[in-house]
Amino acid sequence: DTEVTQTPKHLVMGMTNKKSLKCEQHMGHRAMYWYKQKAKKPPELMFVYSYEKLSINESVPSRFSPECPNSSLLNLHLHALQPEDSALYLCASSRGTSGQETQYFGPGTRLLVL
Amino acid sequence: AQSVAQPEDQVNVAEGNPLTVKCTYSVSGNPYLFWYVQYPNRGLQFLLKYITGDNLVKGSYGFEAEFNKSQTSFHLKKPSALVSDSALYFCAVRPYSSASKIIFGSGTRLSIRP
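For the record, the sequence lines run as chains A and B.
Here the first sequence stands for residues 3 to 116, numbered as in the working numbering.
Here the second sequence stands for residues 66 to 179, numbered as in the working numbering.
Hints should not be assumed to be uniformly reliable.
Claimed, not checked - Quick list of simulated restraints, FRET-style, between CB atoms:
no., chain 1, residue 1, chain 2, residue 2, range
1, B, N106, A, G16, 20 to 28 Å
2, B, Q75, A, P71, 25 to 33 Å
3, A, Y53, B, A79, 44 to 52 Å
4, A, S57, B, D119, 31 to 39 Å
5, B, N133, A, T18, 46 to 54 Å
6, A, G16, B, R107, 23 to 31 Å
7, B, P72, A, E60, 20 to 28 Å
8, A, S74, B, Q75, 18 to 26 Å
9, B, S171, A, L114, 20 to 28 Å
10, B, N106, A, I58, 26 to 34 Å
In short, the hints are calculated from the structure, not lab data.
We treat Cβ as the ideally placed atom computed from N, Cα and C, and that holds for glycine.
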């Protein structure tokens, strides 16, 4: 089973709202990732968690706040977003962070900020 | 600088014909190379990877890729294209030196006509 699930599938929020994206995997993977993808562009790495600790933050604005409550769950808390933050947000996981490990992606949450 | 190039934005092939989607890379050290496919409004699906060993790698859905160290290429191939192969394809590399990060190419849209 190589499934990563993400909820919700779609999200529309205003610039003053607070919302959260959720990601879950039950593959025993110890590395989890958040990516942002604009239309027809490759995914851009936002955050990496390794063994539930934040290991990489790609200079993401503080209006995005990641959280890893346990080894199976990854959240992305959103607050005071801008319209340019509208994108597909992808979660991924891998067994570890070594280069040969495959990252498995969820279906994404399509976010629209009004 | 470490990078991945997909020189063709779009590749058009007739159903039943062989297809090739090109990828070249520039990294220091030994690379780990990956191909992903993305269908509309979906996450990325893993197709295949090269870690070490045999230069010809076989993956999902009848796809294969050939690692060519001298040409620093990792082209994706399929002997007989299907209409259902129409999607966006991303080549990616994980440099040995910064294994947590994955560098994606810009993507190639593959269109298979009946």
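Exercise for the section: Using the Cβ atoms, figure out if P72 (chain B) sits within 20 to 28 Å of E60 (chain A). Expected result: This hint holds: roughly 26 Å between Cβ atoms.
Practice task
Determine whether the Cβ-Cβ distance between G16 (chain A) and R107 (chain B) falls within the hinted range of 23 to 31 Å.
Solution key: Hint holds: Cβ distance 27 Å, inside 23 to 31 Å.
Practice task
Just tell me: holds or violated, for the beta carbon distance of S74 (chain A) and Q75 (chain B) against 18 to 26 Å?
Solution key: violated (39 Å)
Problem - Status of the given 20 to 28 Å range, CB of G16 (chain A) versus CB of N106 (chain B) - result: Distance hint for N106 (chain B), G16 (chain A) holds at roughly 23 Å.
Exercise for the section: Given the hint of 25 to 33 Å, check if Q75 (chain B) and P71 (chain A) actually sit that far apart at their C-beta atoms. Expected result: violated (42 Å)
Practice task
Take the C-beta atom of N133 (chain B) and the C-beta atom of T18 (chain A), compute their distance, and say whether it sits inside 46 to 54 Å.
Solution key: Because 53 Å falls inside the window, the suggested range holds.
Exercise for the section: Mind checking the hinted window 26 to 34 Å against the Cβ distance between N106 (chain B) and I58 (chain A)? Expected result: holds (27 Å)
Problem - Assessment of proposed distance window 31 to 39 Å (beta carbons of S57 (chain A), D119 (chain B)) - result: Holds, at about 32 Å.
Exercise for the section: Take a look at whether the Cβ-Cβ distance between Y53 (chain A) and A79 (chain B) falls inside 44 to 52 Å. Expected result: holds (49 Å)
Problem - Satisfaction of the hinted span 20 to 28 Å by the C-beta atoms belonging to S171 (chain B) and L114 (chain A) - result: Holds, at about 24 Å.
The structure is inconsistent with the numbered hints 2 and 8, although it conforms to all the rest.
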